[in-house]
Amino acid sequence: MAGRVPIRLGKLAEALGAVLEGDPERTVSGVAPLQTAGPDDVAFVGDVRHLEAARVSRAGAFLTPPDATGLPGAVLRCVAPRLTLIDLLGLFHPSDALVPGIDPSAVVSREALVDPTAAVGALAVVGAGAVIGPRVRLHPLVYVGPGAQIGEECVLYPHVTVRDGVRLGRRVIVHPGAVLGADGFGYQFDGAVHRKVPQVGGVIVEDDVEIGANTTIDRSTLGDTIVHRGTKIDNLVMIAHNVEIGEDAILAAQVGIAGSCHIGRGVVLTGQVGVADHVVIGDGAIALAQTGIAFDVPAGEKVMGYPARPTNLGWRIVVAEKQLPDLVRRVRQLERRIEELESRLGDTGTAPRG
Amino acid sequence: MAGRVPIRLGKLAEALGAVLEGDPERTVSGVAPLQTAGPDDVAFVGDVRHLEAARVSRAGAFLTPPDATGLPGAVLRCVAPRLTLIDLLGLFHPSDALVPGIDPSAVVSREALVDPTAAVGALAVVGAGAVIGPRVRLHPLVYVGPGAQIGEECVLYPHVTVRDGVRLGRRVIVHPGAVLGADGFGYQFDGAVHRKVPQVGGVIVEDDVEIGANTTIDRSTLGDTIVHRGTKIDNLVMIAHNVEIGEDAILAAQVGIAGSCHIGRGVVLTGQVGVADHVVIGDGAIALAQTGIAFDVPAGEKVMGYPARPTNLGWRIVVAEKQLPDLVRRVRQLERRIEELESRLGDTGTAPRG
Amino acid sequence: MAGRVPIRLGKLAEALGAVLEGDPERTVSGVAPLQTAGPDDVAFVGDVRHLEAARVSRAGAFLTPPDATGLPGAVLRCVAPRLTLIDLLGLFHPSDALVPGIDPSAVVSREALVDPTAAVGALAVVGAGAVIGPRVRLHPLVYVGPGAQIGEECVLYPHVTVRDGVRLGRRVIVHPGAVLGADGFGYQFDGAVHRKVPQVGGVIVEDDVEIGANTTIDRSTLGDTIVHRGTKIDNLVMIAHNVEIGEDAILAAQVGIAGSCHIGRGVVLTGQVGVADHVVIGDGAIALAQTGIAFDVPAGEKVMGYPARPTNLGWRIVVAEKQLPDLVRRVRQLERRIEELESRLGDTGTAPRG
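Residue numbers (the working numbering), protein chains in the order written: chain A, 7 to 360; chain B, 7 to 360; chain C, 7 to 360.
Excised from the complex, chain A in its bound form (with noise of 0.2 Å):
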């Protein structure tokens, strides 16, 4: 959402590490996706599947792996595109200036320590006890509980709730409407209803981490829930009580992980991915979508499908549950042959059937 500032090829080509090819005087002001990229915009081309776009594309330069061409285009060429693009966005879309400072409409408990540097918005609400550390964004409606403790350079967007005694390390991006801290879910039956567990654990989310839109992760029993450093957690996941996540996970949409589980290292779970409780998954191992885990998952297995099972299995029974219905008919037919072939030989005396 930044305005444009023309920048020249010559000197963009530097920043990125890229190398030209084209006018270093010509300048551009923005990026945009090929289809509507105008003559000041760079477009990005991943690899060979954007080519045809590409060529068509009315861009005033191109952010290319260093094999391609046909471009219609200054092109800036580089050793890992996807990685560049990243540092493009972030020249033509600097983060806005933070400025320090509480709002006045916010409600800052006098027992809270906000350092100076950082920004509180509007309408948040901080409890006694909280910490707030240098150069983090309070965006306006967010909750932070007492005793919470916010690490430097945090992003806290509003609606979220951080409950009380919850403690995020640095650089923690939290997005809109994330809940982090509520109750585990734990009851119980004592024969006539369900008594409530009290819970009274906390929840550490430690450096590096982001956390999506409406998602949960609910404070432990006794203990905490912890999410290790580096790893990214997309919208409306559910995070329950006790569990552990690994460095540098990635948990896609509407997943949903049951209570006690430990999740390893650079595991990847896919959109809508169940996990029963106490569940162990090894480092690296990945779950495709939908994928349901009742039982532990090996280091670097790689699952699918309900219960979970590896993939090789899983599509090989994908693949034959299309014929499922056939062969049915098919084994019926079998059972029929096989009855007159007996019968036959039966008749004539040779084969009486066991």
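What the hints contain is simulated information worked out from the structure, not anything from laboratory work.
Incorrect hints may have been included.
Identical chains share a label here; the pair holds if one copy fits it or two copies do between them.
Unchecked claim - Derived DSS-like pairs: lysine-lysine, alpha-carbon spacing no greater than 27 Å straight-line:
hint, residue 1, residue 2
1, Lys-17, Lys-328
2, Lys-202, Lys-308
3, Lys-202, Lys-17
4, Lys-308, Lys-328
5, Lys-202, Lys-328
6, Lys-17, Lys-308
We have chain A; now place chains B and C onto it with these hints.
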């Protein structure tokens, strides 16, 4: 929740374009379910399935299709009773009058443009450069970010988040807790960590779209995530970055659509359906509940299961699966029987197996 | 999050109705997991699975079933340790004292009725005609709409939305971001567009219900959506309009229940289960995770899979599916073998196939 104002049946029939069978001077003052309706209520008889309950209902009048008979009260016959029910409910439950103006507790940027006919509720926040159109209702605790545009007669319920630059057309209804314009879920692994791809695109929601409670629609990486006119989206739905959804589609609760999908006009995705990234679903396609769509779906196709298959195949598989455990046993038995036959024929020297 | 106050083991045993084995004068001041407990903590040993961890724990005392042996510290034996754990946690983590009164930053309608013993948090909004009962806690940023009723001792966490006319019984707990009373998802296609069916009914939540973070319970078209006494609902659950849920049911995270379903007393729906509209689930039925329930389920039945089937059949199918790819191959082989037999017998003129 409106008060009850009596209306004469004659006048009601006229207003609804219904044919009255009963005393036009009799009055009713509300609409109620068949089971709880009293003599002052109109009850709804949609089709023959409701007739049994209707015949013992205490309702004073019945809204029915043309051919209903044997009802214990006045009858309002109409050609399309389900559509007429909408008018009937509207008559007895008019929307609350809109009281224009900005609540003194709201925090509205001086650089926002709020139409004088709009209503901004208590503790709502409107950012700089935002445009709030005529007769818009922002309920209490709504957040509208900088530069966002809210078209005329939109209704945003409490705790809705509309992030910066998101554009809503006219008469869009957004239910509580929905989040429009959170960052899309995009990272690039650089060999050490997942680097965040800035999500600098927007969200466009066209006229007459309705968005359910706690649903999330992410902003795109570049360009816009788009929901076209007339589409209705239920609660807890996830729409990822760069998705485009056609006109008049229906997305039921907890549907998840991954990045860059194109969903056609009039598509119906029922509860908990998941769609993998970059999938194209043709106009008018329908997916049964919990379907997992990993590949393109042709226009008009009806699919089910994981992975999605045409329903005629899908149901045949479902039927066959029930026989599968038995089938395994039967095939084992066939193998034994044929082995026996082969060995006997082999014994006689007539049939050595190839 | 409470401070640690030491308590003598003798007194603790008495308070819990436990039999103490150890020094009654020794004190403890908290509860902790076996792995992290220190000499001042009580740790919990629920059953034999915990014994191994318990034997190397540094905990000062152990809460155990009657028959646990070999523990390295004092032992508090009790008949139902999981229930006693609830009391133990309650002793060391009493609820924060309720401070009655309305925060000056809250926006409470003059026409609302707030009991003087209730606490209304910062920036909460209470609409006209709403009734807030004795000892209710409205946390900061809660929205209670016009005419809503909140029974005594309810707790509503931050960012909860209770729309107009919704009624909560006593001791209902609503976690952050939950939305009660959004419009049900109802449209009627008129040949050109989907027309919205006004949702003029309500939501009734009875005593002792707990509702998870970001869960949504929609208002009904006519009449009420009802959750009966004692039912516990986890995070991100969707309950559609006109649903009725019996007493003491358990709905785990991300469950979705479509319109007009009746869910019986004591039903357990585990994570991500989906229920199609108008389905009736009998008392005490159980659905395993991700089950897709499209048809009625008898009382006491245990179901799994899509579509839902009794678990004994379901597990047999799961086992057989693994053999399915192999089965296809075996049937093909059988067909070849029988063909050969038939042709040989045909050759000999003894067995022409019908």
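Okay, the hints, checked on the actual structure:
1. Lys-17 - Lys-328: neither (57 Å within a copy, 59 Å between copies)
2. Lys-202 - Lys-308: Classified as between: cross-chain Cα gap 25 Å, same-chain 37 Å, threshold 27 Å.
3. Lys-202 - Lys-17: Cα proximity of Lys-202 and Lys-17: across copies only (24 Å, versus 62 Å in one copy).
4. Lys-308 - Lys-328: both (22 Å within a copy, 16 Å between copies)
5. Lys-202 - Lys-328: neither (47 Å within a copy, 40 Å between copies)
6. Lys-17 - Lys-308: Answer is neither: 44 Å inside a copy and 53 Å across each miss the 27 Å cutoff.
Consistency with the previously given hints fails for numbers 1, 5 and 6, ordered from lowest to highest.
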